[in-house]
Amino acid sequence: MTGPFLDQTQQMEPIVTKILVVDDHAVVRQGVKQILNEQFQGAVIGEARNAEEMIDRIRKFTWDIVVLDVGMPGKSGLDALKDLKQVCPKLPVLVLSAYPEDQLARRMLKAGASGYLTKDSAPNELVQALKKILGGGKFVSASMAELLVANLNEEAGRPQHELLSDREYQVMCLIAVGKSLKEIADDLCVGISTINTYRARILEKMQFKNNTELTHYALENRLVNRLVS
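All the letters of the sequence shown, read from the start, carry residue numbers 1 to 229 under the numbering used here.
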C-alpha cells in the first residue's frame, strides 16, 4: 500500500537527547556521564573542560542542554554562562556548584541559567532537574528554593555584597581567598589596573578600609571559594 497509509505505519525515529557536560575535573565529568547514560538511553553526551571548549562545542554541534560547573579555572562559570547566552541565547543550562549559598544561585539564574543544583545532590535529583528543564521548566532544589524565598523576604535588610556587580563580587571572593591582584588579573584575563579599579569600587561600596576587612566580611558571610576551584 502506498500513500499516506504507508507513512502512518512507518516507525518514527527515536528522539536523541544531546547533553554537553562542562567541568574541569575529568572524574566529575565521568560521574555525571555515568548517571546520564543510565537514565537517558541512547543520549549523546559531550564533554568540555573549560569555557573556551564549551563555546567551541556549541558552535560546532546542536545541544539540547548544558550542564555547567561554576568553579572552573580561567573564566568562571558565571562568565562562561554569559558567553554561552551570547552565542546561543535559547540553549538551557543547568548549573552545578560545590556551594549551596543562595547569592550565587540568584546571580546564575539572573544571568540566564534554567536551574541550579549542588554537586552533593543525589543522582536522581540531577536527572529530575534535567528532565524538568528539557521539558521547558526551571529547577532549583527544595532547600535552595527556601533560601531564595528567605532572601526575598529580607529584601529590606539586604547584605552589603548585593550592591556589587557580578565582576566586583567575583574579584572580592578571589581577594578573600588570598589571591594577589596579579593572580586575579591573570585568572580573569584582564590588566592589573582593571583589577585595581574593581578593588577600589569594592572597598568604596562596602565601606572597607583594606583587604583585611574585606576578607573578614567574606569569612563571616561564607562567601569565600564561591567562584574559585
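Keep in mind that the hints were calculated from the coordinates and are not lab data.
Here the structure is a predicted model, which means the values were calculated and not measured.
Virtual Cβ for every residue (Gly too), placed ideally from N, Cα, C.
Treat each hint with caution, since some may be false.
As the list claims (entries may be wrong) - Pairwise CB distance ranges (calculated):
(1) Lys18 with Thr212: 18 to 28 Å
(2) Glu204 with Ser180: 34 to 44 Å
(3) Leu219 with Ile15: 44 to 54 Å
(4) Glu53 with Leu219: 15 to 25 Å
(5) Lys131 with Glu183: 34 to 44 Å
(6) Ala200 with Lys82: 38 to 48 Å
(7) Gln41 with Ala98: 50 to 60 Å
(8) Lys85 with Val16: 32 to 42 Å
(9) Gln39 with Glu204: 42 to 52 Å
Going through the hints against the structure:
Taken as a hint, the range 18 to 28 Å is violated for the pair Lys18 and Thr212, whose Cβ atoms sit roughly 48 Å apart. At roughly 21 Å, the beta carbons of Glu204 and Ser180 sit outside the given window of 34 to 44 Å. At about 48 Å, the CB distance of Leu219 to Ile15 agrees with the hint of 44 to 54 Å. Taken as a hint, the range 15 to 25 Å is violated for the pair Glu53 and Leu219, whose Cβ atoms sit roughly 33 Å apart.
The given range of 34 to 44 Å is respected by Lys131 and Glu183, whose C-beta atoms sit roughly 40 Å from each other. The hinted range of 38 to 48 Å is not satisfied by Ala200 and Lys82, whose Cβ atoms lie roughly 23 Å apart. Look at Gln41 against Ala98: about 29 Å separates their beta carbons, and that is not inside 50 to 60 Å. A C-beta distance of roughly 24 Å is found between Lys85 and Val16, which places it outside the suggested range of 32 to 42 Å.
Taken as a hint, the range 42 to 52 Å holds for the pair Gln39 and Glu204, whose Cβ atoms sit roughly 49 Å apart.
This entry does not satisfy hints 1, 2, 4, 6, 7 and 8, going by the numbered hints stated previously.
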